[in-house]
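Undergrad: In the order they appear, the protein sequences are chains C and V.
Positions in the first sequence are counted from 1; adding 92 to them yields my numbering.
Positions in the second sequence are counted from 1; adding 94 to them yields my numbering.
Read the hints as simulated data drawn from the structure, not as lab findings.
Incorrect hints may appear among the rest.
[Unchecked claim] If we take Cβ atoms under 8 Å as the criterion, some of the chain V residues that face chain C in the derived model are: (1) GLY122; (2) CYS123; (3) PRO124; (4) ILE126; (5) GLU128; (6) ASN130; (7) ARG131; (8) TYR179; (9) ASP183; (10) ASN280; (11) GLN285; (12) ARG290.
Nothing here was measured: the structure is a model prediction, and the numbers come from that model.
The C-beta atom is built at its ideal place from N, Cα and C for all residues, glycine as well.
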Amino acid sequence: MNGWDGQLKKEEQTIFRLRALFEQYGYRRFKMSKFEEYDFYAENRSFLTTKNIITFQGLQGQLLALKPDVTLSIIKHTKANMTCPDRVYYHENVYRARKDDDEYKEIMQVGLEYIGEVDDYAISEVVLLAKKSLDSISTHSVLNVSHMGFLLGLLEETGLGEAIQKKLLACISEKNPHGIAEICTEYGIAEDLTTCIQKVAALHGTLEDMLPIIWDLCRNDTMRKSASELEQLEQNLCACIYQQGVHLDFSIVNDMDYYNGIMFQGFVDGIPTSVLSGGRYDNLVHKCGKQADAVGFAVYVDMLEGYGEQEQTYDVDTLLLCDDTADTIAKLRAVQMLQNMGLRVAVQKQDDGRLRYKQLCRLGESGVEFIG
Amino acid sequence: MAEYLNIALPKGRLGEKAYDILEGIGFGCPSIREQNRKLVFENEENKVRYFWVKPSDVAVYVERGAADIGIVGKDILLEQSADVYELLDLGIGKCRMAVAGFKGTRLNTERTLRVATKFPNIAREYFRRQSMDIEIIKLHGSIEIAPVLHMSDVIVDIVETGTTLKENNLEPLEDIVPISARLIANKASYQFNHARIQNMCDSIEALRKDTK
Numbered sequence: 093m094n095g096w097d098g099q100l101k102k103e104e105q106t107i108f109r110l111r112a113l114f115e116q117y118g119y120r121r122f123k124m125s126k127f128e129e130y131d132f133y134a135e136n137r138s139f140l141t142t143k144n145i146i147t148f149q150g151l152q153g154q155l156l157a158l159k160p161d162v163t164l165s166i167i168k169h170t171k172a173n174m175t176c177p178d179r180v181y182y183h184e185n186v187y188r189a190r191k192d193d194d195e196y197k198e199i200m201q202v203g204l205e206y207i208g209e210v211d212d213y214a215i216s217e218v219v220l221l222a223k224k225s226l227d228s229i230s231t232h233s234v235l236n237v238s239h240m241g242f243l244l245g246l247l248e249e250t251g252l253g254e255a256i257q258k259k260l261l262a263c264i265s266e267k268n269p270h271g272i273a274e275i276c277t278e279y280g281i282a283e284d285l286t287t288c289i290q291k292v293a294a295l296h297g298t299l300e301d302m303l304p305i306i307w308d309l310c311r312n313d314t315m316r317k318s319a320s321e322l323e324q325l326e327q328n329l330c331a332c333i334y335q336q337g338v339h340l341d342f343s344i345v346n347d348m349d350y351y352n353g354i355m356f357q358g359f360v361d362g363i364p365t366s367v368l369s370g371g372r373y374d375n376l377v378h379k380c381g382k383q384a385d386a387v388g389f390a391v392y393v394d395m396l397e398g399y400g401e402q403e404q405t406y407d408v409d410t411l412l413l414c415d416d417t418a419d420t421i422a423k424l425r426a427v428q429m430l431q432n433m434g435l436r437v438a439v440q441k442q443d444d445g446r447l448r449y450k451q452l453c454r455l456g457e458s459g460v461e462f463i464g
Numbered sequence: 095m096a097e098y099l100n101i102a103l104p105k106g107r108l109g110e111k112a113y114d115i116l117e118g119i120g121f122g123c124p125s126i127r128e129q130n131r132k133l134v135f136e137n138e139e140n141k142v143r144y145f146w147v148k149p150s151d152v153a154v155y156v157e158r159g160a161a162d163i164g165i166v167g168k169d170i171l172l173e174q175s176a177d178v179y180e181l182l183d184l185g186i187g188k189c190r191m192a193v194a195g196f197k198g199t200r201l202n203t204e205r206t207l208r209v210a211t212k213f214p215n216i217a218r219e220y221f222r223r224q225s226m227d228i229e230i231i232k233l234h235g236s237i238e239i240a241p242v243l244h245m246s247d248v249i250v251d252i253v254e255t256g257t258t259l260k261e262n263n264l265e266p267l268e269d270i271v272p273i274s275a276r277l278i279a280n281k282a283s284y285q286f287n288h289a290r291i292q293n294m295c296d297s298i299e300a301l302r303k304d305t306k
């Protein structure tokens, strides 16, 4: 444990560990302004997980927004291209309204983006970093991996329009076999294809166990190409002996317009929602006019608040009672003496019961007396 | 040692029926049958813990991880858009969500349609798909009285047999969606209790096939 570890909250420790981890892999920090032009977010609204953005008028009359997301700004400013990648990480506050919340919240996000040629190595590096990030939070974690290309290939087989495909994707994300059956029956999808979609939605297990099953479920080249990417990832993770706790699960779905390849989501035991989310989003980068591909993830550090922490039993180690007659210099010296003994000290005239302390002392004429 | 599997059941007839199914596949907890006011019941032997909660709160308990799984009506799931896995349609508590009103009520009129309902999100989404301008009147019960007192033009509510509607001179005008009880799971709990939850779903499916 570092010297400061005991002083920091668990989520603060995690942020420092993540930053150190990202820097080990050559990622450099991206620091951004709190504001962006609102138009920028309006153009890419469906990429954002929130529809609510705080806007205000800038001093030059332009409409500004408090940033609800970091990835978009990174893409906007990147100079990366297919020969020279950008590896950046961030540690920033974003401003969003959470589901069922009536108010905006300031949410701390830590994450990274790899922008450039996203080859087999880049995917493996980012997935490894995602799993290592989870491991830095808990010893009991799962990283679910999915593939948008595989899902799009499967939905292509139905021949249905985009709106209905999105409904099917929603059912896959809920692992909802009866919902899939309902839609397929309504639109006359063959029984074997319906069963195939249901099987894909239900899949959950280690990459090694699931790969033979997904090869059997492949129906076209798009699906086969995606299965082969997943297979390559599994081999790379095995080579690094880092395949433990990486599962295949197609219930991670994201916006069809932006995401195109590997997607992943991380869970740690004891937190009821995912704490990490990411994937490959070449389409967004291309839409922003950049000649590069990209993959990245974010860790929702706010979800870790209170996780794995024992509530402190005491506010201070020592409560030092001093009456009105006590001399200021005597008080300062007594506090300093107790602090030098490694104690946290508070000075009060009396104990009103609100402060929780380990020991009670009084400053008398003969010095500090322990009274309880 | 296995951890307890926490199951949220909706208070009332639906929850009792759901418990019967779970008991039938080996997830019983005999103390739940005792007549008392307790809300939490445990069976140490098979490591299950049941909670009785308000039906409209089941999805909240599951989404927030206080319960690993829960039994909830599709109406609640649609209304709350809970971020959970919807693993199984239990085929019990069957009814439908419908628009109801006085016989011959026209939905497409020149003025804004006033809709009284306990399910504002479902109602809003249904009429939005038809590009209709509506005004929602959110109520918490006795919805049928709203058109009778001319507070609303129609209601959006659950229709089981239609008796309550009939007794108030109302009738179903359009069906919105069929409803039944669903088994839902918290997304994170599913990762760490996958085998037990999947085993539960498979056993219920097998039981349903046997009784068909």
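Undergrad: All the hints need checking, so say for each whether the structure fits it.
TA: Structure-based check of all given hints:
1. GLY122: Since chain C brings no Cβ nearer than about 25 Å to V/GLY122, farther than 8 Å, the hint is violated.
2. CYS123: For V/CYS123, the interface hint is violated, since the closest Cβ of chain C sits about 23 Å away, which is over 8 Å.
3. PRO124: violated, 29 Å
4. ILE126: violated, 24 Å
5. GLU128: Violated - the Cβ of V/GLU128 stays beyond 8 Å from chain C, reaching only about 30 Å at its closest.
6. ASN130: Hint on V/ASN130: violated, closest Cβ of chain C at ~29 Å, above 8 Å.
7. ARG131: Violated: closest Cβ of chain C sits about 28 Å from V/ARG131, beyond 8 Å.
8. TYR179: holds, 4 Å
9. ASP183: Where the cut-off is 8 Å and the nearest Cβ of chain C is about 4 Å from V/ASP183, the hint holds.
10. ASN280: holds, 6 Å
11. GLN285: This interface hint holds because 4 Å falls under the 8 Å limit.
12. ARG290: violated, 13 Å
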